[in-house]
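The residues making up each chain are set out below.
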Amino acid sequence: MKFINEANITFPSNSSNESFARMSVAAFVSQLDPTVEELAEIKTMVSEAVTNCVVHAYENTIGLVRIRVQISDSRAVRITVKDTGKGIEDVETAKQPCFTTGSEDRAGMGFTIMESFSDKLRVKSAPGRGTSVIMEKKIIKRG
Amino acid sequence: MLSYSVDDDILTVFIKGELDHHTSSGLREETDKLIDRFSPIKTILDFKNVTFCDSSGIAFVLGRYKRMTAGGGILELTRLPRQVATIFDLANLGSLIRIT
Chain A
1 MKFINEANIT FPSNSSNESF ARMSVAAFVS QLDPTVEELA EIKTMVSEAV TNCVVHAYEN
61 TIGLVRIRVQ ISDSRAVRIT VKDTGKGIED VETAKQPCFT TGSEDRAGMG FTIMESFSDK
121 LRVKSAPGRG TSVIMEKKII KRG
Chain B
144 MLSYSVDDDI LTVFIKGELD HHTSSGLREE TDKLIDRFSP IKTILDFKNV TFCDSSGIAF
204 VLGRYKRMTA GGGILELTRL PRQVATIFDL ANLGSLIRIT
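Protein sequence lines, in the order shown, are assigned to chains A and B. Residue 35 in my numbering sits at position 35 of the first sequence, with consecutive numbering throughout. Residue 175 in my numbering sits at position 32 of the second sequence, with consecutive numbering throughout.
It should be emphasised that the hints constitute simulated quantities derived from the structure, not laboratory data. Even glycine gets a Cβ: it sits at the ideal position worked out from N, Cα and C. Hints may contain errors.
In silico lysine to aspartate or glutamate, EDC-like type, Cα no more than 20 Å apart, as pairs [stated by the list, open to error]: (1) Lys176/B / Glu41/A; (2) Lys176/B / Glu136/A; (3) Lys138/A / Glu89/A; (4) Lys141/A / Asp33/A; (5) Lys185/B / Glu219/B; (6) Lys2/A / Glu136/A; (7) Lys124/A / Asp73/A; (8) Lys176/B / Asp232/B; (9) Lys120/A / Glu6/A; (10) Lys185/B / Asp152/B; (11) Lys120/A / Glu41/A; (12) Lys95/A / Glu6/A; (13) Lys191/B / Glu6/A; (14) Lys138/A / Glu59/A; (15) Lys159/B / Asp175/B; (16) Lys191/B / Glu41/A; (17) Lys209/B / Glu37/A; (18) Lys209/B / Glu115/A; (19) Lys191/B / Asp179/B; (20) Lys95/A / Asp175/B; (21) Lys124/A / Glu136/A.
Some chain B residues close to chain A (C-beta under 7 Å, calculated; not the full set) [as the list claims (entries may be wrong)]: (22) Asp232; (23) Asn235; (24) Gly237.
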């Protein structure tokens, strides 16, 4: 895949930055003229990935969340959300619908939503070494 | 983030704005306070003015559902914008909760 444009965003894992993160990625992706639905899906994917950093990776501490958004020459968007937090012991279990190690105000649906809305999702993680979530989604050309 | 009306033991909560992990804790507290105060038979959550919702919204709804049904009450959802309906469909909330 040949990338022709990219943006990098780094911010502390304050929950107030969840909105900033999804809006920033959506703003960058807007150059591909996505539909309202595509943009809503991208915002939701980013929101879930960033919330995982806030709630799980850094728990009650604050660490840095790094997002890289890349656009390819074939209109694919690759979004990488990276933290250096506690990592995931068993990625396959974490991805199961309704699985959560969070409190009862978490639904355990984050990975299910990210998988549903992206064309491709990869998770790289190791305990104590942080997590990278890499999501790809093609924006269909219209008109 | 919310306003409400009470009519004949029915509490309707009108939610406004973006529903994510950051905003859901305040919304949860305020909604639960209203449920405690009015002890409604039915609580209706109105999503018409919700502009964004992620999985935090699913947890918010499920938590209120458990709270209402634990006391023998009913929870209903109404006027879901398309983005909200898509998220709730992924969790199959419609199999548990009436959506109008």
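Hint-by-hint comparison with the structure:
The straight-line distance between the Cα atoms of Lys176/B and Glu41/A is roughly 32 Å, outside the 20 Å bound, and the hint therefore fails. For the suggested pair Lys176/B and Glu136/A, the alpha carbons sit about 41 Å apart, so the restraint of at most 20 Å is broken. A distance of roughly 30 Å separates the Cα atoms of Lys138/A and Glu89/A; the hinted pair therefore is violated under the 20 Å criterion. For the hint linking Lys141/A to Asp33/A, the alpha-carbon distance of about 8 Å falls within 20 Å, and the restraint holds.
Distance hint between Lys185/B and Glu219/B is fulfilled; the C-alpha atoms sit about 7 Å from each other, no more than 20 Å. Between Lys2/A and Glu136/A the alpha-carbon distance is near 13 Å, which keeps this suggested pair within the 20 Å criterion. Annotation: proposed proximity of Lys124/A to Asp73/A is violated, straight-line Cα distance about 25 Å (limit 20 Å). Distance hint between Lys176/B and Asp232/B is unfulfilled; the C-alpha atoms sit about 27 Å from each other, more than 20 Å.
This hinted pair checks out: Lys120/A and Glu6/A have alpha carbons roughly 18 Å apart, not beyond 20 Å. For the suggested pair Lys185/B and Asp152/B, the alpha carbons sit about 7 Å apart, so the restraint of at most 20 Å is met. Straight-line distance between C-alpha atoms of Lys120/A and Glu41/A comes to about 13 Å, which keeps the hinted pair within the 20 Å bound. For the proposed pair Lys95/A and Glu6/A, the alpha carbon gap of about 27 Å is over 20 Å, so the pair is violated.
At roughly 35 Å between alpha-carbon atoms, Lys191/B and Glu6/A are farther apart than 20 Å, so this suggested pair is violated. At most 20 Å may separate the alpha-carbon atoms for a hinted pair to count; Lys138/A and Glu59/A exceed this at roughly 32 Å. Proposed proximity of Lys159/B and Asp175/B is supported: the alpha carbons are some 16 Å apart, at most 20 Å. Proposed proximity of Lys191/B and Glu41/A is supported: the alpha carbons are some 19 Å apart, at most 20 Å.
For the hint linking Lys209/B to Glu37/A, the alpha-carbon distance of about 31 Å lies beyond 20 Å, and the restraint is violated. Using a Cα cut-off of 20 Å, the hinted pair Lys209/B and Glu115/A is violated, with the two alpha carbons roughly 27 Å apart. At roughly 24 Å between alpha-carbon atoms, Lys191/B and Asp179/B are farther apart than 20 Å, so this suggested pair is violated. Restraint check for Lys95/A and Asp175/B: the C-alpha separation of about 30 Å exceeds 20 Å, so the hint is violated.
Using a Cα cut-off of 20 Å, the hinted pair Lys124/A and Glu136/A holds, with the two alpha carbons roughly 15 Å apart. A distance limit of 7 Å between C-beta atoms decides the matter here; for Asp232/B the minimum to chain A is near 10 Å, and the interface restraint is violated. The closest approach between the C-beta of Asn235/B and any C-beta of chain A is roughly 9 Å, which is over the 7 Å cut-off, so the hint fails. With a cut of 7 Å, the hint placing Gly237/B at the interface with chain A is violated, because the nearest CB-to-CB distance is about 15 Å.
Hint compliance for this structure: hints 1, 2, 3, 7, 8, 12, 13, 14, 17, 18, 19, 20, 22, 23, 24 are broken, all remaining hints hold.
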